[in-house]
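*Asks:* Protein sequences appear in the order of chains A and B.
Heads up, the first sequence is in the working numbering, so the first residue is 23 and it goes up one at a time.
Heads up, the second sequence is in the working numbering, so the first residue is 739 and it goes up one at a time.
Among these hints, one or two may not hold up.
As the list claims (entries may be wrong) - Estimated spans, in silico, between C-beta atoms of each pair:
1. A101(A) with A764(B): 35 to 41 angstroms
2. S1140(B) with I248(A): 56 to 62 angstroms
3. A101(A) with P1211(B): 40 to 46 angstroms
4. R1029(B) with V41(A): 22 to 28 angstroms
5. G155(A) with R1029(B): 39 to 45 angstroms
6. L1188(B) with G155(A): 28 to 34 angstroms
7. S1093(B) with D45(A): 55 to 61 angstroms
8. R161(A) with D1032(B): 37 to 43 angstroms
9. R161(A) with A764(B): 41 to 47 angstroms
10. S202(A) with D1032(B): 54 to 60 angstroms
Stated by the list, open to error - Chain B regions said to be covered by chain A (calculated; three or more residues, Cβ under 8 angstroms):
11. 1205–1213
12. 1484–1492
13. 1557–1570
Unchecked claim - Cβ-to-Cβ under 8 angstroms is the rule here; a few derived chain A residues that face chain B:
14. G79
15. D85
16. A101
17. D105
18. A108
19. R111
20. L128
21. E132
22. A141
23. I209
Bear in mind the hints are in silico, worked out from the structure with no lab data behind them.
Each residue gets a CB set at the ideal place from its N, CA and C atoms; glycine is no exception.
Listed here are the chains, written in short residue letters.
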Amino acid sequence: MNESSSRVFVEARHLGKQVHTRDGVLTLLHDINFGVEAGTSLAILGASGSGKTTLLGLLAGLDLPSEGEVILDGYGLNAFDEDGRAQLRAERVGFVFQNFQLLPGLTAVENVMLPLELARADQPRQMAEEILGRVGLGRRFDHYPNQLSGGEQQRCAIARAFATQPRCLFADEPTGNLDSETGRRIIELLFELNAEQGTTLIMATHDPHLSQLCQQRLYLDAGRLIEPEAIAGHG
Amino acid sequence: MAERRLHNLAFLWINSWRMLWRDWRANELGILALGLVIAVTSITAVGFFTDRIERGLQEQSAELLGGDLVIKSRNAAVLRYVDAVKESPLDVATTTQFRSVVLGEAQPHLVEVKAVSKNYPLRGTLRISETPFAGDTPTRAIPAPGDIWVDARLLYLLNTEVGQTVSLGEKRFTLRKILRYEPDRAGDLFSMAPRVLMNRDDLAATGLLGQGSRVTYRVLIAGAPESVEAYRSTLKGTLQPGEQIQSVEEGRPELGTALERARQFLGLAALISVLLAGVAIATVAYRFTRRHLDTSAMLRCLGTTQTVIIRLFTLEMLWLALLASTLGCLLGLLTQQVIAQLLDQLLLVRLPAPSARPLLLGYATGIVLLLGFAMPPLLALRRVPPLRVLRKDIATPPVSNSLLYLAVLLCMALLLYWQIGNVRLVSLVLAGMLGTLALLAVVAYGMIRLLNRLRTRVGMAWRFGLSNLSRRPVTSMIQVVAFGLGLMVLLLLSTVRSDLLANWQNSLPPDAPNHFVINVQPDQVDGIRQFFSQLGVENSRLYPMVRARLVEINGEPARADDYEDDRARRMITREFNLSWAEVMQQDNTLIEGRWWTQEDHGKPLLSLEAGLAETLGLAVGDVVSFNINGTVTDFTVRNLRSVEWDSFNINFFTVVPPGVLEQWPANWLTSVYLESEQRRHLAELVRTYPNVTLIDVETLMQRVRQIMDRVSLAVEFIFLFTILAGLAVLYAAIQANQDERRFENAVLRTLGAKKQTLLLGLVAEFVLLGALAGLLAGLSATSLAWLLAERVFEFDYQFDPGVILLGLVSGIVIVTIAGVLGTRRVLTHPPMETLREGAG
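I would like the entire structure built from these sequences, with the hints used as guidance.
*Replies:* In structure tokens, the structure reads:
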């Protein structure tokens, strides 16, 4: 890995994404450029359909861009196939989704064990139990997702995201499906763990309050970045 | 008004077709169609095949008799009718049939001899050939004196060829032709020993028709229907006891019963596939309904009434049923051809071309199955509230489960009734099926729960597989039972069947007799005893046997009509073989009464086999009258004894003390165990005593096994559809939760799982599913085998772990390959979906 680029953990270079529909080519993202320094936080703001989710997906390597490139921890994602990108994700990236996306057939602890096992951790169960305790689900290890409340499910999802101590966390509307009080507590937990582990946080949201908690904000409108606003981070 | 109705009708027809076409393109109907095709194929295959046999027997019924009217007897006196008929305008011929032994260069072989007069057969034509594999030609001739025509099988057994000579009784014959088809033999369905056809003018020279030989004489009569009918009416009152008339109208009742049983059995076999296909159809119908909620809501919004919606979907299903049933019928036609080919060498009846009759059954099955199993969930579509167009979270009132089960049960009962046609039997079979399924389901459910406990101790892939199984325990259970059932039946038919046979053979003592010598005349008894003792066979005992007919029980005439039990009816009408003995045989056990002493010799006492006594309702002290060669003698039942029939020792239902039957012509017989070294001398025995019939048990067993192998191969072929239907259930379940799988795999990919990891998870799931199904199949097949051995056949069953292992391995291999093939598409599902779902 190149030392000089390690300060910027995620970088978008002339990122563009088009999809082919029956009516012609639809541009989802157009020439996106920015960088996120390691250990800082970024909020991607925008209305529904502005391309937030598409951008998040490209940054995490869930999809490949039509143009440009994403550099994740010094690696150009275009050079990797799906399995290679999965490997990168397993080693470096965590996810928190709006719909929690816990696997219904697995218990809380088994859900948290998943990324640990994918990253070949030595003691996945112990580590999972530890972090579940940390997010306040110490007594609900063996509960299935449908036996947990929305807030508890998101806690479990956060535990899953932080279990491997990822260098970077992607969050997609993490409070979108929660009431405001529960949402507030979840955000507290998210930022707490983020600070503890020094994780780079990239969050898609349309909640301006939430975005204020991030050090950096990007506004997306119809697939284009508008008035990119950089706040001097501490680095 | 009429115009409007027509317009409506056109709207329904056109739109239901369109819906069908759209749903087909959207891959919504694949499993429904698959289930239907499997069900219709299996049911029509059986239908076509049994229909062909039935019609074959029907069309050839005159041929099967060899004439229009047959008078049959075990007594040569029946031949008196030949002279009587000769004076009428009717044609007449005779056949004389018995078992004997043909002696070639070395080994003697058991054969079924038929000596025929000229004109034979009066109906149908013999077909012969010069060599075993040459094309055959019809002939009106019969073997010339000194010639015999034989089954190709005999040439092979004797290792000889056409033109060579063999001995039959005291005469040598030239093997002149290969007998390829014999019309009146087809009614036997299967042949145990090869046929030898000879000219009846040679009969006397063979010396085979000694006193007491078991011979069947037939007088064949044919002619214009009126003349036959007129002659037939003159026969009444002239028939002697034991003489029986057979005609085309009466057919052969025993054949009818056998056929009916076979038809019911094969029909039930096919119905298991139909049931499983129904399960597959019901499973995907739910998903189909879920995915059509929006269409229905939109149609409701646009002003379509509930009735029209239901009509549209019903018509769509009807089109599907018609199309799939047509394909199923075509495949059924091909399949029955395979079954017919498998049984070709065995079936003696010529099969006519398939008729259209089973098509009705095929289409009915398809329609009943689809409407019965798929309609209950579809009915929910009628009740979709139009508001769903705006708010997707509005639920549709679910269709009640009890309605679904009731519909399914009714459909099964209907289909069963069609196959069996007897309400009592239908309820029995239905109860048995449900009971078996419930038992299997409970075991499968228990295994799934038990397996789930391993979750904390295994790696990710296995845990994933386990969690997928236990998360949907009912779906998993259905899959395990559906697939396990098919596998179980196949295991039973293949491995367990041969195991049972081997077990039974092992249960026989190693020196159980392997040869029977029958038709020994009184003056030959000493010589034959001497022959065997020279061979080194110790204690060879010959038993006398005198033919008798049961005429009265306790002074009342014994009539078959007085008994309901089939066996009792048969026993009453057939001839009894009375034997005499001073002491009871070693392997018999006295159950009631006592054996006779020296003082009892010469008294008309009777020892009865206990089973026979029970069938005929006889007890110690009863008086039974037998007609022996025209003289009626009363016997008092002195004791009842049980007999081990499968010991291969000679045993009799009826034994009397010495000094009672000696005045009558007796026929002697014995059974001996011969080492292969000793068998070489058998030719000598046949040469010295040409009238004696030698039965080699091993050759006979081989023939039985050969027939069983072929028949079960054909049945296995039917059950192959059960496996296919089990696979359809597997695919239906896979399709039903395809969306969940897709989502889960997308989440896993997002979390960094490689394709290989996902594949391992899938493999683990299906390996476990297959293992459970295989284990269930192996265990239940073994348990059934044990039950059959211990309770029905009454011998010790040697547990065979190989059956369970075979079930396990085949379950794993088949389910894993099929499952992974069915789900591999979810592996390529892009991980972006995880975000999209939340993107709202």
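*Asks:* If a hint holds in the structure, say so; if it doesn't, say that too.
*Replies:* Right, here's what the structure says about each hint:
1. A101(A) with A764(B): 35 to 41 angstroms: holds (37 angstroms)
2. S1140(B) with I248(A): 56 to 62 angstroms: Roughly 60 angstroms apart at Cβ, these two residues keep to the hinted range, so it holds.
3. A101(A) with P1211(B): 40 to 46 angstroms: Holds: the Cβ-Cβ distance is about 45 angstroms, inside 40 to 46 angstroms.
4. R1029(B) with V41(A): 22 to 28 angstroms: holds (24 angstroms)
5. G155(A) with R1029(B): 39 to 45 angstroms: At 42 angstroms between Cβs, range holds.
6. L1188(B) with G155(A): 28 to 34 angstroms: For L1188(B) and G155(A) the Cβ distance comes to about 30 angstroms; the hint holds.
7. S1093(B) with D45(A): 55 to 61 angstroms: holds (57 angstroms)
8. R161(A) with D1032(B): 37 to 43 angstroms: With Cβ atoms ~41 angstroms apart, the hint holds.
9. R161(A) with A764(B): 41 to 47 angstroms: Holds: the Cβ-Cβ distance is about 46 angstroms, inside 41 to 47 angstroms.
10. S202(A) with D1032(B): 54 to 60 angstroms: violated (32 angstroms)
11. 1205–1213: holds (count 4)
12. 1484–1492: holds (count 8)
13. 1557–1570: Since 3 is at least three, the answer is holds.
14. G79: Status holds, d = 5 angstroms.
15. D85: holds (5 angstroms)
16. A101: violated (17 angstroms)
17. D105: OK, holds: D105(A) within 8 angstroms of chain B, min 5 angstroms.
18. A108: holds (5 angstroms)
19. R111: Because about 4 angstroms separates R111(A) from the closest Cβ in chain B, which is inside the 8 angstroms limit, the hint holds.
20. L128: holds (5 angstroms)
21. E132: Result: holds, 7 angstroms to nearest chain B Cβ.
22. A141: OK, holds: A141(A) within 8 angstroms of chain B, min 7 angstroms.
23. I209: The hint is violated - I209(A) has no Cβ within 8 angstroms of chain B, the shortest such distance being about 16 angstroms.
Of the numbered hints stated above, those contradicted by the structure are hints 10, 16 and 23, listed in ascending order.
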